[in-house]
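Q: Chains as they are written, first to last, in the working numbering: chain X, 1 to 110; chain P, 1 to 392.
Some clues are possibly wrong.
To be verified - Restraint-style ranges between C-beta atoms, simulated for each label pair:
#1 383/P - 105/X: 54 to 62 Å
#2 94/X - 204/P: 54 to 62 Å
#3 32/X - 61/P: 39 to 47 Å
Claimed, not checked - If you want the ones that stay clear, here's a sample from chain P, every Cβ over 12 Å from chain X, calculated:
#4 7
#5 100
#6 119
#7 203
#8 209
#9 214
#10 224
#11 256
#12 304
#13 350
What the hints assert, rightly or not - Here are the computed lysine-lysine pairs in the DSS-like style, where the Cα-Cα straight-line distance is at most 25 Å:
#14 8/X - 237/P
#15 8/X - 225/P
#16 233/P - 364/P
#17 8/X - 233/P
#18 237/P - 306/P
#19 339/P - 8/X
#20 18/X - 69/X
#21 18/X - 200/P
#22 200/P - 5/X
#23 8/X - 200/P
#24 18/X - 241/P
#25 339/P - 292/P
#26 233/P - 5/X
#27 348/P - 5/X
#28 364/P - 348/P
#29 18/X - 198/P
#30 253/P - 200/P
Calculated from the structure, these hints are not laboratory results.
We put the beta carbon where it would ideally sit given N, CA and C, even for glycine.
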Amino acid sequence: MAELKGWKEIPIGGVIDKPATAKEYQTGTWRVIRPVHQPENCIHCMMCWLYCPDQAIVIEVVDGKPKMKGYNYYYCKGCGLCANVCPKTNDKLPEEKRAIVMKPETEFQD
Amino acid sequence: MPEVKNRQAVTGAQAVANAMRQINPDVVAAYPITPQTPVVEYFAQYVADGLADTEMIPVESEHSAMSAVVGAAAAGARAMTATAANGLALMHEIVYIAASSRLPIVMPVANRALSGPINIHCDHSDAMAERDSGWIQLWAENAQEAYDFTIMAIRLAEHEDIRLPVMVNFDGFIISHGVEVVDFLDDEVVKKFVGEPKVKYPLLDVDNPVTHGPLDLYDYYFEHKRQQIEAMKHVYKVFNKVAEEFAKISGRKYNILDAYKVEDAEYVMIALGSTAGTIKYTVDLLREEGHKVGVIKPQIFRPFPKTELQGLLNGRKAVIVLDRSASFGAEAPLYEAVKSSLYELAVKPQLGSYVYGLGGRDIKIEHIRKAFEDAFAGNLIADEERYLGLRE
Numbered sequence: 001m002a003e004l005k006g007w008k009e010i011p012i013g014g015v016i017d018k019p020a021t022a023k024e025y026q027t028g029t030w031r032v033i034r035p036v037h038q039p040e041n042c043i044h045c046m047m048c049w050l051y052c053p054d055q056a057i058v059i060e061v062v063d064g065k066p067k068m069k070g071y072n073y074y075y076c077k078g079c080g081l082c083a084n085v086c087p088k089t090n091d092k093l094p095e096e097k098r099a100i101v102m103k104p105e106t107e108f109q110d
Numbered sequence: 001m002p003e004v005k006n007r008q009a010v011t012g013a014q015a016v017a018n019a020m021r022q023i024n025p026d027v028v029a030a031y032p033i034t035p036q037t038p039v040v041e042y043f044a045q046y047v048a049d050g051l052a053d054t055e056m057i058p059v060e061s062e063h064s065a066m067s068a069v070v071g072a073a074a075a076g077a078r079a080m081t082a083t084a085a086n087g088l089a090l091m092h093e094i095v096y097i098a099a100s101s102r103l104p105i106v107m108p109v110a111n112r113a114l115s116g117p118i119n120i121h122c123d124h125s126d127a128m129a130e131r132d133s134g135w136i137q138l139w140a141e142n143a144q145e146a147y148d149f150t151i152m153a154i155r156l157a158e159h160e161d162i163r164l165p166v167m168v169n170f171d172g173f174i175i176s177h178g179v180e181v182v183d184f185l186d187d188e189v190v191k192k193f194v195g196e197p198k199v200k201y202p203l204l205d206v207d208n209p210v211t212h213g214p215l216d217l218y219d220y221y222f223e224h225k226r227q228q229i230e231a232m233k234h235v236y237k238v239f240n241k242v243a244e245e246f247a248k249i250s251g252r253k254y255n256i257l258d259a260y261k262v263e264d265a266e267y268v269m270i271a272l273g274s275t276a277g278t279i280k281y282t283v284d285l286l287r288e289e290g291h292k293v294g295v296i297k298p299q300i301f302r303p304f305p306k307t308e309l310q311g312l313l314n315g316r317k318a319v320i321v322l323d324r325s326a327s328f329g330a331e332a333p334l335y336e337a338v339k340s341s342l343y344e345l346a347v348k349p350q351l352g353s354y355v356y357g358l359g360g361r362d363i364k365i366e367h368i369r370k371a372f373e374d375a376f377a378g379n380l381i382a383d384e385e386r387y388l389g390l391r392e
C-alpha cells in the first residue's frame, strides 16, 4: 500500500485531481486465492486478458503475437474469472494439465 | 451611506428572486414547493424575459434539483436552487454530497414545518434537520436580510478558505409572502460584488481531467471530513470580511450576532429568523417599563457562534432561548447549542427553553413578555422545556 497522506495534503472534497490514479490502488491486497499460470499448458488465446477486471494479466508480444506471461499480483484480487473463462482449465482436468490453477494464498506466505 | 435609488415594496420571495436575477447564476435547477414557489416562479419569469441568462432546469423532484445543481457546480458553473420543508427533506441525501464535495452552491430556503400531519406554514424543522449536513446556515429576519444574505452567500460559499454550500433561511409565508420595503442594489453593483465564479477542479476543464465524487473508504474519508470541519472554522473570519465589503456598497453592516439593546441587558432572549423582530419590539416595550432586556439573533446557526455568544452572555442574569422547532426526546436545537456554549462560562446565567410557533402558530408580544416575566421572577429551569402559544 502506498504511503497514506494526512488531511492537509489531499485535495478537498475527495476530488481526484489527475487521471489514472487507480493504477496506484493495490487491489492485490484483497486476494485470498491466487491464480498460478502454468505456461506449458497455455494456448495464449487471451481470454483471461480479455476478461480480467483488474488488467492483472501480463502480456508480452512475440513476433506480433501476444503471449500470456503470468500475473501482476499487485492488482490481481483473486476473483478467479481468468480460470473460469480459460478453455484449458476446468474441473475435469487434473491440476497439472490446467493452464491456470487457483491456490490458497496461505500457501505462498513465508 | 450610499444613496437609495431602488426602494420597493415586495414580498420576501420576490426580493430573493431578484437577488438571484442580479447574481445571474449559470445554472438554476428547481422544483416548486410551498412556500418557496414564488421564488422560482419569479426567477423563471426573469429568465423567460431574458433578464437573466441562467440555464433554468425544471426538474421532476427536489432530489433531482439538488443532483442537477451538484453536477453543474462540479462542472464549474455557479449553481443555485431554492426549496422548503419536505422538498429540502427529499434533497437530504444530495445536500450532504454537495457539502462533502465542497461545492459552493447557494440555496434560499423558505422555512416550513416538516409533515406530518401535513402543514405548509412556518417553522424551522426543515433547516434543523440539515444542521449537521455541512452547509453554512444564514438566517434572515426580514425580506431585506433575505435579499442581502443571498448576495453575500455567494462570496462566502466560493471563498478559497471555505468552499462550502450556503443555505439562506427565511421564514416561510412570514417573510416569503409578506410584503415589506426592500432597498435593492443596482444590478451592476451586485454583479461587481459577486464577481466571476471562483472555480476549483471543474469537470469541463478537459485539459486537466478530474474525478468528482469517487469512492472514499476508511483510508481517506475521515481526512476529508476533517477538511470540512476546518473549512467551517474559517466562516466567521470570511463572513466579517464579506460583511464589511457589503456594508460599503449597501450601507448595511451585518455582524455574526445581531445584538439589540444587549450592552447593559440583564435578561437576554435568543431567537432565529423573523421572530427576532417581534422580540425587538417587545424589548422596546419592556425597556420603557424599566426592564434591562435585550435580544440576540444569530445570523449564522452553522457554524454555531459559540465564542461570540460566550463573550456576550457571560455574567447576564438570565438567557431565554426561543426555538421554532422541537427535538423529540432531547432539548430544542437552538437551546441545546446555546446551553452547551455556556458550560465553561465563569458566571453562568439562568437558562430557559421555550418552544413556539410550530406549524405557523402565531407568536405574540404577550407570549414573549410571558417568557421574559418568568426570567424576571427567577422562574427559569434549565432542564425544563416550556411552550409559548400552546393550548394546555
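Q: Hint by hint, note whether the structure agrees.
A: Each hint tested on the structure:
no.: 1; hint: 383/P - 105/X: 54 to 62 Å; in the structure: holds, 58 Å
no.: 2; hint: 94/X - 204/P: 54 to 62 Å; in the structure: holds, 57 Å
no.: 3; hint: 32/X - 61/P: 39 to 47 Å; in the structure: holds, 43 Å
no.: 4; hint: 7; in the structure: holds, 41 Å
no.: 5; hint: 100; in the structure: violated, 7 Å
no.: 6; hint: 119; in the structure: holds, 36 Å
no.: 7; hint: 203; in the structure: violated, 10 Å
no.: 8; hint: 209; in the structure: violated, 5 Å
no.: 9; hint: 214; in the structure: violated, 6 Å
no.: 10; hint: 224; in the structure: violated, 5 Å
no.: 11; hint: 256; in the structure: holds, 24 Å
no.: 12; hint: 304; in the structure: holds, 22 Å
no.: 13; hint: 350; in the structure: holds, 41 Å
no.: 14; hint: 8/X - 237/P; in the structure: holds, 20 Å
no.: 15; hint: 8/X - 225/P; in the structure: holds, 11 Å
no.: 16; hint: 233/P - 364/P; in the structure: violated, 36 Å
no.: 17; hint: 8/X - 233/P; in the structure: holds, 15 Å
no.: 18; hint: 237/P - 306/P; in the structure: holds, 14 Å
no.: 19; hint: 339/P - 8/X; in the structure: violated, 32 Å
no.: 20; hint: 18/X - 69/X; in the structure: violated, 30 Å
no.: 21; hint: 18/X - 200/P; in the structure: holds, 13 Å
no.: 22; hint: 200/P - 5/X; in the structure: holds, 21 Å
no.: 23; hint: 8/X - 200/P; in the structure: holds, 17 Å
no.: 24; hint: 18/X - 241/P; in the structure: violated, 33 Å
no.: 25; hint: 339/P - 292/P; in the structure: holds, 21 Å
no.: 26; hint: 233/P - 5/X; in the structure: holds, 22 Å
no.: 27; hint: 348/P - 5/X; in the structure: violated, 43 Å
no.: 28; hint: 364/P - 348/P; in the structure: violated, 28 Å
no.: 29; hint: 18/X - 198/P; in the structure: holds, 20 Å
no.: 30; hint: 253/P - 200/P; in the structure: violated, 29 Å
Going down the numbered hints, you'll see the structure goes against 5, 7, 8, 9, 10, 16, 19, 20, 24, 27, 28 and 30, while the others check out.
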